[in-house]
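Below are the chains, spelled out letter by letter.
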Amino acid sequence: KEEEETKEEEDLSDSEDSVFSGLEDSGSDSADDDEEEEGSDHKGPEKDDLKFVCTIMTCSNPKGCNLFDSVQTSAVYGGSIHDVVVLQDIRNTVGNIPMEWYKDFPHIGYNLDGKKIYKPIRNKDELDDFLDKMEDPDYWRTVHDKQTGSDIVLSDEQVALVNRLQRGQFGDVNFNEYQPQVEFFSQDVMLHPVTNRPADKRSFIPSLIEKEKVSKLVHAIKMGWIKPRRTEDDSRGRYYDLWANEDSSILAKHKMHLPAPKAPLPGHQESYNPPPEYLFTDEERALWEQQDASDRKLPFVPRKFSSLRQVPAFPRFLHERFERCLDLYLCPRQRKMRVNVNPEDLIPKLPKPKDLQPFPTTQSLWSGSLYQCVSIRSMAGLSDDGTVRFWEVRSSRCMRTVQVGGAVKSIAWNPNPLVCLLAVARDSVVLILSPSLADRQVVLSTERLLSGQREAESTEEVGPVTWSDAEGEELSQGITLKIQHPKAVHQVTWHAKGDYLASVMPDHSSHLQVFIHQVSRRRSQNPFRKNKGLVQCVSFHPVRPYFFVGTQRSVRIYNLVKQEMTKKLQANSKWISSMAVHPGGDHVICGSYDCRLSWFDLDLSTKPYKMLRHHKKAVRSVAYHRLYPLFASASDDGSVIVCHGTVYSDLLQNPLIVPVKVLRGHVITHDLGVLDVTFHPTQPWIFSSGADATIRLFT
Amino acid sequence: MGGLQKKKYERGSVTNYITRNKARKKLQLSLPDFRRLCILKGIYPHEPKHKKKVNKGSTAPRTFYLLKDIRFLLHEPIVGKFRDYKVFVRKLKKAYGKTEWTAVERLKENKPAYKLDHIVKERYPSFIDALRDIDDALCMGFLFSTFARTGKCHVETIQLCRRLTVEWMNYVIASRSLRKVFISIKGIYYQAEVMGQLTTWLVPYQFSHDHPTDVDYRVMATFTELYTTLLGFINFRLYHSLNLLYPPKLDIKAESELKEEGDDDDYAMNSECYLEKLSALSTSLARVVSTAEDEEAQLDKFPVEEEDLEKMEAREMEQKQLEAHKKLFEGLKFFLNREVPRESLAFLIRCFGGEVSWDKSVCIGSAYEVTDETITHQIVDRPNIDKQYINRYYIQPQWVYDCVNAKILLPVEDYFLGVTLPPHLSPFVEEKEGDYVPPEKLKIMALQRGEKPAHEEEEEEEEEEEDDDEEEEEEDDEVEEKNLKKLEEQRSQGKSLSVKVTAGKVKVNNPARMEQDEKAEEKRLAIMMMKKKEKYLYDKIMFGKKRKIRETNKLTAKRKAHDDAEKSKKKTRK
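So the sequences go chain by chain: L and S. For the first sequence, this note's numbering assigns the number 1 to the initial residue and increments by one for each residue that follows. For the second sequence, this note's numbering assigns the number 1001 to the initial residue and increments by one for each residue that follows.
Everything labelled a hint here was simulated from the structure, so no lab data went into it. A couple of the hints might just be wrong.
Stated by the list, open to error - No more than 25 angstroms apart at the CA atoms, straight line, and that leaves these computed lysine-lysine pairs for DSS-like: (1) S:K1531 / L:K610; (2) L:K201 / L:K213; (3) L:K616 / S:K1532.
Starting from the given sequences, assemble the full structure and let the hints guide the process.
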């Protein structure tokens, strides 16, 4: 409690300070009035000889003029009055200093005579203070005076004054703040001047200070440091004929200029009332909501309103405009040549297939059995059940069936028309069949060829390959010779003369992949000393002593006489499946398992002259026609494509390749379509055998 | 072999391009200033043909500017103004910091400003160039003129935009060059043919915008700055081409009439009053030389050869149609109810020569009252109206728009009060062969040809027939492939079936069909022989075509389903 009280005390004292300061301030305001009022009392007798009036203003209080005295000095000088108000405590002469300085002294200052003023003996402690507070009815109006160190009890008038001042009122009760103003300078022209003071000299001499300032500004304006006030610029909205004199020469500057494309015009779906088909169904809407904003076909959902007044503001309007702005200045522009072609013009103009006849067009014959491979003389087919069958094409009658006792991989008729022989690859054995279906002379010449073999038989013996005559039942079926290979044989092929026979045993690791057999002398040889990749197929050049070996990625051409490689054809495909040599000998086609057919012109380059991507699936077999300018390819997609391929004797003219017919018919079984394809030697007919166990003839 | 080793990326296309950052450094500008400069000068990035080469082997995404463009910017006087402005801001800040108010005042008075006249002239060396690029300017102007006059941008900009767009609309009215309108969900599209240039602009609906936070208004304001300048000069030139006063003045007669009313103060302050009067679009503009009537420019007839004669006739026909279109609403008197968009409709009707008025309390400049007996059409957008006059049509606003697009006065029956409106179609869609055409469009086309609209039932039948036709056409499109497939199927089936001996059917060889098949086969074989590149292109084109057909089919199917549903509804009601 006591602490609180002391605080109150402090507060009070604070307020007192403020009161005093208020007095000081208001004093200057009301000085004139006070002076006039009181001056009449005190100064009256001294007035006559005074130029300097000193007034002592006294606040009326019970202890006389002991509290404050304001010494007001009015200096009257030539009619103008300067008031100087000094507040002064006349009991203590130390002046307006912090009284703490006298904290440690027994006195607190000096009186007018220069004697020390001693601090009153103060033996009040907190308890006394409290008792005072409780008992003294005037405690609340008791104020401690720091200057004299005494306690002063404020009188009623003083309390009233403090209250008034705290309320912000004038200190003087009688002061009328609303008294009418006496207008000294009124609009009325008075008879006499207010002052009669002559004008100063400086009033009619140009001011040097001003001149200095102005010259500074002038200098600054001259130097362009500051600009004088500009005339109001209203040119923003003022327009004139900008293009009054157009010159097109500027246009040349803008050669690279690409004008921004105009914003696309709205379609029906943007209408506020679109036809019903343009509105989204629920699914479309769900899809639209799911899609990312960049994937959406329309940037908004079409909506229908029954009348114009119901159309709301478009929420993304500002966004769209802003995006357009961004496009205009941020989007890189590029001149794009829009391909504006008629798709029909892209299709190459080829000679009509009609003009390129004959070629096989329709299927005319088919027979069902398990066939893998066909070869034509009259016609031979072979099957997985270990038989080789012979048909006569003319009558389509199965003439013979030969049991060979094992799955047959490949068969080939002897191309020599004077000899009727068939080579059959069964496992690791190549069988030479003499079906004796031809006329007598041919049979005789065949016999002669085979007998020739016998003579030579004894002379030579090759290591890995053994020749042996067939005996007994096999001989009665027409099998005359057996050539035993070390590994399974995949392909057999004849030389055009009909004496040589090549067999392929694909193997990664061995150089024993190809054998060339001479039937008349019963001799075999392995032409290669090195393994140059997996051999896929081989073929003889029809005229010259060349030998084609198709490996996985390339076709090598060997000169059999010089025993060297002459060319290496890059097929540009992953895996060559088959190969055929043009009867002229200058062109080769290669089918590959990656759906391509490459045509090589040997005179042109080692790269394909043309890549034909006709098939959708692996190309299994390719074939040239012996007489007609035709070639065909068989593929796993179940189609045989017959193409016209004219080769000109003129070396400058490139071969003309035109697809003429897509022959379908084979059914795809186990992802295999057509396995082998062969042309009729004289007619424009084609035989194909498929995985659906059929042989089909297209004529 | 002498000589230094050639360094990479020092010649060729690299030297033509410069990255954005390098350009910025070269110009010594901050990024916002650089952007502003690019916007004003119309400099945009270019996409190099071989990006990796230009990017010095890197594949980092970068924007490239043409070096020539940037060099061109180096000499731009406006760059200096940008720098001045930067200095100005710095000085102002300093003055504020030192509380030197006089200095602040003085600086503010001397705020650097720039004009874009020379840029406009430079970007658009000829007037036609400027007209070609006016679309975006108009869109932006109309958008900014709808902004509230607080916050987002300077009030002066908004006022200027409003003034310029009003001037533009007045010009379009005076020249009668409006061609198409379209009410979309975004706003109203207008298309005018000004000096042979088709100009399209979009006016948003009169609602306050809720300003999104992810839109940079500074960019838009910069664009607007340029566009207002451009638009002003274009307006000036256009007004002068029509012998109109610029800035536009109302016709003296009209002005006096308006003055008689004398209650301008109700609408706007004095300063804005004139603009308001102009934007009412109700009165014609004053001309420099008052001519009684424009002489219609007759096409001169030259002695022409026979080939050109047809062309000439066609052109004349077109001209006649255009003239008729321009006078579409001539002689009609419209009254707009207060709930319809006044500005748009007044603009439209005046563009086509109609008279238009509205309630006095809606806007300044109404010419006559509702009670006027000579009013022919009253445009109303509410379900019903209490007091109806017998001698006028009460129609919904869509009628006006549809009439403008159809270029004829459509029958008003479909647009009466409370009637379900026919769909509003976009006039900008020009259907090519094979595209989907909504049946409503076909109907309008029939009306344009002068065929009388038949009774509803017949119409429906017609529609059905049309549908059938369409379907047939589609079938024709697909015939090629289908035929082939059929043939193949027949073949394969024939083969697999003929294992058994069945009674042979007589195959009728249709020679036409055979020929078609042959041709199709030929085509397919030729396609096989195409080069890889061409094949790719061909496939792409064909894919696009097929997709188009698919979309058309989808729309047709949807429409049919909708119509069927409608019909069944009708039946159940009956």
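Results of checking the hints against the structure:
Of the supplied pair hints, the one linking K1531 of chain S and K610 of chain L holds, its CA atoms being roughly 10 angstroms apart against a limit of 25 angstroms. About 21 angstroms separates the Cα atoms of K201 of chain L and K213 of chain L, which keeps this hinted pair within 25 angstroms; it holds. The suggested pairing of K616 of chain L with K1532 of chain S holds, with an alpha-carbon distance near 14 angstroms, which does not exceed 25 angstroms.
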